[in-house]
Amino acid sequence: MSEGIKIKIGLEIHVQITSLRTKLFCPCSSDYRGKPPNSNVCPVCLGLPGALPVVNKEAVREALKVALALNSRISNMLVFTRKHYFYPDLPKNYQISQYDGVGSLPIAKGGYIKIEDDSLSKVVRIRRINIEEDPGRITYPTGSMVTSPYTLIDYNRSGIALLEIVTEPDLESPREARIFIDKLTSILEHLGVTNPELEGAVRVDANISIEGGERVEIKNIGSPKEVEKALQYEIARQTAIVKSGGKVARETRHWDKNRGVTISSRAKELEEDYRYFPDPDLPPIPITNELIDEVRRSLPELPNERIKRFMSEYKLSRYLAHVIVIRSKVLADAFESAVRKCGNADTIASILVNELLRWVDECHFTIEEGLARLTAERLCKLVQYLKERKLSSKLVKEYVRRVVIEDIDPDELITKGYVSIMDFGYLSNIVDEVFRENPKAVEDAKKNPKAINYLVGQVMKKTKGKADPQITYELIVRRLRENAS
Amino acid sequence: MGEKMDLKEWLRRAGRLSLIKVDVESEEKILADFIKIIEFFNQLREVNVEGVEPLFMNPASGYVIRDDEPRNCLKVEEALLNTKEKVSGYVKGPKTL
Amino acid sequence: MKLPLTINELKELVQQEPDFLLEYVERTYDIISDIEPRVRAFITLKARERVLKNAEAIMNKIKNKTAGLLAGCLIAVKDNIATKELRTTCASKMLQDFIPPYNATVIERLLREDAIIIGKTNMDEFAMGSTTENSAFFPTKNPWDISRVPGGSSGGSAAATAALEATASIGSDTGGSIRAPAAYTATVGLKPSYGLVSRYGLIAYANSLEQIGPICRSVSDIAIILDVISGFDPRDSTCVRKCPQYGSYTGCVEKQPEGKIRVAIIKEMVSEGVEAPVKTVFNSVLSKLESNDFYVEEVSVPELKYALPTYYIIATAEASSNLARYDGLRYGYHVPVEGKSWYDVFSEVRSIAFGEEVRRRILVGSFVLSAGYYDEYYLKASKVRRIIRDKLLKVLDIFDVIASPTMPILPPKFGERIADPLKLYAMDVNTVPANLSGLPAISLPAGFIGSLPAGLQLIGYMFSECKLLAISKFIEDLLGIAPAIPEVVRSYV
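Residue numbers (this note's numbering), protein chains in the order written: chain A, 245 to 729; chain B, -19 to 77; chain C, 2 to 494.
Possibly wrong hints are sitting among the right ones.
Said to hold, decoys possible - Below 20 Å or equal to it, Euclidean Cα-Cα: the simulated PhoX-like pairs (lysine-lysine) are:
(1) B:Lys1 - C:Lys94
(2) B:Lys66 - C:Lys306
(3) C:Lys306 - C:Lys395
(4) C:Lys306 - B:Lys9
(5) B:Lys16 - C:Lys395
Said to hold, decoys possible - Examples of chain C residues toward chain A, derived with CB under 8 Å:
(6) Leu203
(7) Tyr307
(8) Ser367
(9) Gly448
Quick caveat, the hints were computed from the structure, so don't treat them as lab data. Positions of the beta carbon are idealized from the N, C-alpha and C atoms, including for glycine.
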């Protein structure tokens, strides 16, 4: 892909455990988005003197689900570590996290995700999975870190449960990185652990080096969509340095998505010594085999299994099955819902993948918003009209567009006469008329198939564009054959 | 020994790590006390700890874990009761660059 | 009305005559007005009128027979325990005007039993010290001799209890901070087993070492307060879920211990570091014990030599972490932020608002946790900690208690120990082993040299408060010292 340049990419992905109702170490609500600043805090997540953390039982279960789905080795104890650094969004100026060292353990180590594509099949190894707490949020009154004379800090998010998933540097291109992230978020979504549509629920940091050179860390990539762009930019930047005889410096850079560049993060002149040690407020908790087995039994169907099942049960092509499952769990659920109602898996899959997704992207809807309009019921109606030949496949595309954009029911569109004429009898008569009125064109068409289009055009003219083009074509071809004999 | 020189640098570094200003040149007593204390700690070199697991805390019996049930937080006025500089409910903070 | 000296005396009095409670408040506040200018036990003291109002409400509850176990008790609380209505400063400039929006669990429990909290007491800043001289505001004087320290870091609480300024007080003990001032003021101070009393609301100095505990004028009072403040708290992950003795300590104290009580004296706790007068008092206590059917034997635990450095490595490490949060943004000493970088603002706040000893311990603590030194210091100390604890547990497997002088020296004069940090730390030599091991330890008044109190320390097995308190009561009765009243308030009794 990148002209043979050797690229190594490792990812550090932070995901919020959005399925929880409370924060990781305190009973504040996890539903912090949109709340007035500092209205969702308590002594614990505000870091008030004297407050103590108590771990959320469900957070442990959710983390174990992820560890199992990623085939990781689960540690036998739940141990928390303090990671010390000063920053205004960190109320205690240390983060309660996990670490791989003496007296500490990540919740799981090792594991892998297999990523596949038409041209790609690869195993990406997981290094470790940590549970940790989210810091608060800093905003800048002028909108820019550089020009603001002070900052505004909201601790509503402080203490939300995060999973940090770190990969080995097995990814070799920005595209692979994106595919990996899509697969990972699909798994998390299917597990019910993270809703990737929520703002800030998935954040990515990347480490990238080219040609065995120094590793550059890129932070603050924000959404997974930005990852491919950030990495492409960084590869270009590093390649340019190497080509002009320079050496890439080992450093941390920030992704500026507005300008589309990575910027050196000079703020880190301070040596980073996190002074990890086991958090004395949180004694280790045993993770029993019973608990692990219980969580394993409760695992829902994961993407790989679902794709296989869609292929075998609904006879979908690999491509369609893959897109439906990986693109969004909600989409896959809607697909199954509709198919259970009215069968016709292939048609529904096709409509969803080829039509719905297109309009959703164009209109900047979420998939949920699109599906709220293109309901299972409406989907089934479309399928029914297709089968009844009330609609041509071309018209169905039109219908889907209008259902999604204008939230109109297909029945309404039909009533308004927005229908294609597929009635053979009716169309045969029109074809006869056209043949009578255009004898020269008919003679041409017998010799030159391309001239058939002219005849099709005439039928369209007479039916004001409503004739189904495919049927019209078929009828004309048949008539020509009949006339020939 | 060379350690004394190291300790001076270490005191400076400890100051940077804990964001406490230390002027090793003028504050001779702070450095002298620091060195004395570290030398006091070095007594532990005499102890053989082979095969001994560290004891980080005296864990109580059973363990404490919490149900995922939301409970009332602080009201904003309570949360910011002691905050000296605030702007529309936000804590006013210094520049991050 | 004879001034009640213990909680039981007070309870008896107000059960009979609830109106006496108001007189008790008045008399106590008269003592405070007289004594406080000299002793200075309190940082924040509630106004007399307010306490009288609280007392009235409780009087009515007593009359209605709905009053709690501590109805009428006037409690002084160390200023590192969060109280919702009252400023909580940790005797530091950093928290000079900090008002917690919540109560510590211990406070909630005291209030639930109708105790009246009359004020917050002086301490060494952030509990770092053994003499209360490290308070950022002013030192507390020993009511037995005001040219000398009351001990620390719970000096204010102990002084308030000793000088009749409160019925009882609450302190915290990380390396001896309840027992030291108890020993120096001839009061009784208990550091409970680690995990027995919730730390929720205790402003942390060293989390794996400290516990909240009572300082009282008698062992029975200790038991009553322990019943109220101990017990599982779901807000503290280090708290014990089930302890069969919860709620029964008052009963324990009323029972005589059975059979011969076996007491171990650890040689290393009575050696050269302990000054002669202290040894004299201690030996005379031992004689009394032996002539009263106690079995006393000397054992040796050479590893105790390393208890002090082990303690200080761990304590300073945890302190450097716990005190990282103080940057002036959300609460605490503040420096205007506009136009300044976070690095500058944080450094300024932390360099100005922390006192010298606090800064010293944070610096040392950051060092022992830092990359490259963690293994040699913090990790090593944690291993030595296990060795020490296991040795002590071995001794307690065959003995009922370990006895020692609480402090190696009599209460020093102001300034004597504080110039040299190592001299200050050396005062904790006999008290830190119990914190390292999580064992319960109590200090009882053992005797006097002139007017200077010396304390007897008893250490028990984990969660053996029942036995420990029973033995303590027995010895207390034997020695006949408690409740000890300093000269300066004798006229009020």
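For each hint, the structure was consulted:
1. With a C-alpha separation of about 17 Å, the suggested pairing of Lys1 of chain B with Lys94 of chain C holds against the 20 Å cut-off.
2. For the given pair, Lys66 of chain B sits about 51 Å from Lys306 of chain C by alpha-carbon distance, which is inconsistent with the 20 Å threshold.
3. Between Lys306 of chain C and Lys395 of chain C the alpha-carbon distance is near 17 Å, which keeps this suggested pair within the 20 Å criterion.
4. Taking the CA atoms of Lys306 of chain C and Lys9 of chain B, the gap is near 27 Å; set against the 20 Å cutoff, the hint is violated.
5. The hinted pair formed by Lys16 of chain B and Lys395 of chain C fails the criterion: a straight-line CA distance of about 33 Å is larger than 20 Å.
6. Because the smallest distance between the Cβ of Leu203 of chain C and any Cβ of chain A comes to about 6 Å, under 8 Å, the interface hint for this residue holds.
7. For Tyr307 of chain C, the shortest C-beta to C-beta distance to chain A is roughly 20 Å, which exceeds 8 Å, and the interface hint is violated.
8. Contact between Ser367 of chain C and chain A, as hinted, is supported at the beta carbon level, the nearest pair being about 7 Å apart and thus within 8 Å.
9. Hint on Gly448 of chain C is violated. Least Cβ distance to chain A is approximately 37 Å, over the 8 Å limit.
The structure shown violates the earlier hints numbered 2, 4, 5, 7, 9.
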